[in-house]
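> Here is what each chain is made of, one letter per residue.
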Amino acid sequence: MSFPLLTATAALPAIGAIATAAVPAARRTAAKWLALLVSLGTLGLAAAVLVRFEPGGDRYQLTESHAWIADFGVRYELGADGIGVALIGLTALLIPFIILAGWHDADPLETKSSRWRPTQGFFALILMVEVMVILSFAATDVFLFYIVFEAMLIPMYFLIGGFGDRAHAGSDENAATQRSYAAVKFLLYNLVGGLIMLAAVIGLYVVAGGFSLPEIAEARASGELTMATNTERLLFLGFFFAFAVKAPLWPLHTWLPNAMGESTAPVAVLITAVVDKVGTFAMLRFCLGLFPEASAWATPVVLTLALVSIVYGALLAVGQRDIKRLIAYASISHFGFIILGIFAMTSQGQSGATLYMVNHGLSTAALMLVAGFLISRRGSRLIADYGGVQKVAPVLAGTFLVGGLATLSLPGLAPFVSEFLVLVGTFARYPVAGIIATFGIVLAALYTLVLYQRTMTGPVKQEVSKMPDLRVRELAVVAPLIAALIFLGVYPKPVTDIVNPAVEHTMSDVQKTDPEPEVEAAK
Amino acid sequence: MSASAVHSLWTTAAEPVSRIDAPHIEYGQLSPILIVVGAGVLGILVEAFVARRARYHVQLFLSVVALAAAFAAVVGLAVTGHGSTKAGIVAMGAIAVDGPALFLQGTILLAGLVSLFTFAERRLDPVAHGKQVDSFVAQAGAPPGSKSEQAAVKAGFTTTEVFPLALFAVAGMLVFPAANDLLTLFIALEVFSLPLYLLCALARRKRLVSQEAAVKYFLLGAFSSAFLLFGIALLYGYAGTLSYAGIAEVVDGTVTSIDPALADTMGNDALLLIGAAMVLMGLLFKVGAVPFHMWTPDVYQGAPTPVTGFMAAATKVAAFGALLRLLYVVLPGLSWDWRPVLWGVAIITMLLGAIVAITQTDIKRLLAYSSIAHGGFILAGVIAMNEAGISSVLFYLLAYSFVTIGAFSVVTLVRDAGGEATHLSKWAGLGRRSPLVAAVFAVFLLAFAGIPLTSGFAGKFAVFKAAAEGGAGALVVVGVISSAIAAFFYIRVIVLMFFSEPRPEGPTVAVPSPLTMTTIGVGVAVTLVLGVAPQYFLDLANQASVFVR
Chain A
1 MSFPLLTATA ALPAIGAIAT AAVPAARRTA AKWLALLVSL GTLGLAAAVL VRFEPGGDRY
61 QLTESHAWIA DFGVRYELGA DGIGVALIGL TALLIPFIIL AGWHDADPLE TKSSRWRPTQ
121 GFFALILMVE VMVILSFAAT DVFLFYIVFE AMLIPMYFLI GGFGDRAHAG SDENAATQRS
181 YAAVKFLLYN LVGGLIMLAA VIGLYVVAGG FSLPEIAEAR ASGELTMATN TERLLFLGFF
241 FAFAVKAPLW PLHTWLPNAM GESTAPVAVL ITAVVDKVGT FAMLRFCLGL FPEASAWATP
301 VVLTLALVSI VYGALLAVGQ RDIKRLIAYA SISHFGFIIL GIFAMTSQGQ SGATLYMVNH
361 GLSTAALMLV AGFLISRRGS RLIADYGGVQ KVAPVLAGTF LVGGLATLSL PGLAPFVSEF
421 LVLVGTFARY PVAGIIATFG IVLAALYTLV LYQRTMTGPV KQEVSKMPDL RVRELAVVAP
481 LIAALIFLGV YPKPVTDIVN PAVEHTMSDV QKTDPEPEVE AAK
Chain B
1 MSASAVHSLW TTAAEPVSRI DAPHIEYGQL SPILIVVGAG VLGILVEAFV ARRARYHVQL
61 FLSVVALAAA FAAVVGLAVT GHGSTKAGIV AMGAIAVDGP ALFLQGTILL AGLVSLFTFA
121 ERRLDPVAHG KQVDSFVAQA GAPPGSKSEQ AAVKAGFTTT EVFPLALFAV AGMLVFPAAN
181 DLLTLFIALE VFSLPLYLLC ALARRKRLVS QEAAVKYFLL GAFSSAFLLF GIALLYGYAG
241 TLSYAGIAEV VDGTVTSIDP ALADTMGNDA LLLIGAAMVL MGLLFKVGAV PFHMWTPDVY
301 QGAPTPVTGF MAAATKVAAF GALLRLLYVV LPGLSWDWRP VLWGVAIITM LLGAIVAITQ
361 TDIKRLLAYS SIAHGGFILA GVIAMNEAGI SSVLFYLLAY SFVTIGAFSV VTLVRDAGGE
421 ATHLSKWAGL GRRSPLVAAV FAVFLLAFAG IPLTSGFAGK FAVFKAAAEG GAGALVVVGV
481 ISSAIAAFFY IRVIVLMFFS EPRPEGPTVA VPSPLTMTTI GVGVAVTLVL GVAPQYFLDL
541 ANQASVFVR
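Chains A and B supply the protein sequences, listed in that same order. Counted from 1, the first sequence has number 158 at position 158 by the numbering used here; the numbering is strictly sequential. Counted from 1, the second sequence has number 30 at position 30 by the numbering used here; the numbering is strictly sequential.
Do not rely on the hints blindly, as some may be mistaken.
Some chain A residues close to chain B (C-beta under 7 Å, calculated; not the full set) [to be verified]:
1) A70
2) D71
3) L195
Covered by chain B, per the in silico footprint, the following chain A stretches (three or more residues, Cβ under 8 Å) [unchecked claim]:
4) 142–150
5) 179–190
6) 197–207
These are calculated hints, taken from the structure and not from any lab test. Please read these numbers as outputs of a predicted model, since none were measured by experiment. In this text, a Cβ means the ideal position worked out from N, Cα and C, and glycines have one as well.
Same shape as in the complex, but just chain A (with noise of 0.2 Å):
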């Protein structure tokens, strides 16, 4: 038996978690420094995963299996594809720049003495998520991914509602109204796409008499588990819902600009960049995974939901007062690219899928990040307080346009990829697709550059006129992710080399082939 290496990266921050929250109240800086040591050992793991993974290796690798409830048939299951590991890679490289981005943002106001210790729980929630998003892009037990699925909610909900932005336009009374609100809308709505997966859950157990999803996708391909048309598209349905609002998809989406624009900018960071790619990577690995021909069956309509995500979020994106909400249509303007890509059923685009999971990651990170530390300056969200920023602060504004190119996908940055990828992918099979996504890119071009306009070119305001620039901690938090933006643009073929095998076993699972190029020969 091997070292259980899976377990360990998820056990790690959240042995961390408890002792982070158990740090005594006058000890903040102690919890913070904690708290990031142990993101930096999730990290030092997370790359002993992707160094022992290897490509082009079985599908499910470093794998662990222990009962769990024997009667059930549910099993502590965990494996690592492709997809998964680099997203696990990503996730344990954002946290440790999430904490560090909101080394201050939980500091107890000097106004309020508070009995509880806000700094500390601030940093163990973030690292609860961090074990519970680990857990479920590792989890190959359906009944275990539901589980950490759904209490992945909590420390969200508590991060949102308890931990609002404090640049609020409203007063302090309005601003904790409107951040429970969020809190409350980001968990209702998942907690209701929870419960009907649950229900999904069930029915997948009751038609294949257990949860680990690598028997049941064999089982699948040999033939011996049949399921009835309707059922399986039930069940897709189902376990689709819960995916389709957490990624979130047109017209679950309605959560996401109130939880990101209320919660402090590492912790919109925390929702879109981390979390929410769960929703991705599971429809990718369970709906196609478990009901290929179901998936094939609602391909129209996901289809045509990603396309109206796309233009929907950055037409809404180029019509925003705030930035923090920009950045939130803007994000769900590029999960609708990543949903395009895993439904095209084709390899480049769902090779593109996941790179742009990777990469969105990244590059709304560096943004959101930037945007966050002018928020803080100014102690404003709204474009309209901004103007003239690069005279004052040029590395400021230097950085925040590099997040902002890396949103609208320019060439020589990671984005661009993948976002290419997913649109060949597309047009391979669905020409008419990827012509509308294409204006998803035109868009964002407009929204990106004009909020950069607004906020950094122009005359310097007389309120941003003292705005110092970044600060080491700040910088020390972009900088390596800026690196990691180019360094991808340039050379995607580590994350590419990775995620490709993992994507040729998907499409063997919805038994798709890519389609010949119809160019014809010249003769």
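Guided by the hints, dock chain B onto chain A, whose structure is given.
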């Protein structure tokens, strides 16, 4: 015609008087029941002879020791193999000591024990005239609002009779699922029902509501007992015997000798069908299955909350135990006839319980309808007609009892000037004011809703799995749908507690003594343990899932 021949027309020669054999009683195997009955009798003597101020402590001590000792006896019997290899029928065929009986007795005893702590809670009600009082009336005989009532309250009287009453109820419940003939079944039913009727009437506050609930319960209960008794008579006519095994033989057609006196009626299917239906009615009344559920909301609401918790948990355990034994031991040969009926009952019970619960505005009534819906879920497991059906029902009952008792104990804590604040609107924002209590209640609600990692999920999963294996797939679909409906109102309460603004004149949460804390703590612990690591208890239920015949 000779004189002697004429004489023989209306007389017959008496047989020589034979020796009456002393019945053979296996005291060891019956010890759990005997301990509890004995303690109940002792409790009555305590009422008669011990000074009033010492009674509470003596009664509490006596009851706790008795229930703990009885539980130890059950464990001892189970460990020595009386639940499996040495299972047998004792007390001249009246009582079966086997796996299901011991499992259910253990469950009833534990449920009774933790309920008793809430019976004894004396810190919740404000101190009256220098005396700490519990949830029970000062003097049951004093009419509500009368001078004698005021005098009793002023004197600081308390009704310590509740302890022996509860012990008698527990004793009846211990016999009920172990009864091996119909007469014992009926007597056990009465033994546990009568104390419950009384206990329902003993609320300290809202006495008229409490008495109304008791009368309602008593009248309907007596009615259902009559049905049961009539059914028993018909079944006797059909089979010529009251013993379970004897009736089963006649049903199966494997009977060898026929009593000439009963030859006319024996084997008459009309008697069997009507008799079985009536007996089932009596039992379905006790489990609160639709359409015999009408009493549940009123009684649950009116009874003192500790009694409600005890009744909701332990009665269900006992009644489902008896139902299981009756269906699996006596009437398996008739399953083609009763299964369709119980299918229908299970479906409407699940749906009606879940749907009507949505409209409730009182937390106790809401829990009552929820208990109706849960009865439907358990029935789905009963219908499975396989070993998994037995074990899943056993497990479900264990899980459900502790959730129920825990939930009702939390209800006793949330109070305003008029006593318990049971109207749902008063629970708004409770999570802001008392996060711990609200969180604990949320755990119980999630367990009721059947959310994973709580015992409710494991129980529902086991029951539905057994039902699906038993060929009742449609029942599972209805079960999942009504679980979803039910989840809606459980979650609505959670949302109300945590996400609504507290009302300015809202209730306060009383700080209980360690007694109620123990009850709630045990409830939460069992709920989580059975949810996270249920395998040991599932194994236990599996081992206990064979009836002796």
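> Given D71 of chain A as an interface hint, is the shortest Cβ-Cβ distance to chain B below 7 Å?
5 Å, holds
> Under the criterion of a CB-CB separation shorter than 7 Å, is L195 of chain A in contact with chain B as hinted?
Nearest chain B Cβ about 6 Å off; hint holds.
> Please check whether A70 of chain A passes as an interface residue: C-beta within 7 Å of a C-beta belonging to chain B.
6 Å, holds
> Tell me if chain B covers the stretch 197–207 of chain A under the three-residue, 8 Å CB rule, please?
The restraint on the stretch 197–207 of chain A holds, since 6 of its residues have a Cβ under 8 Å from chain B and three suffice.
> Verify the coverage statement for the stretch 142–150 of chain A against chain B, using a C-beta to C-beta distance below 8 Å and requiring 3 or more qualifying residues.
holds (count 4)
> Quick one: see if chain B covers the stretch 179–190 of chain A, three-plus residues with Cβ-Cβ under 8 Å.
holds (count 3)
Every hint, counting from the list given before, is met by this structure.
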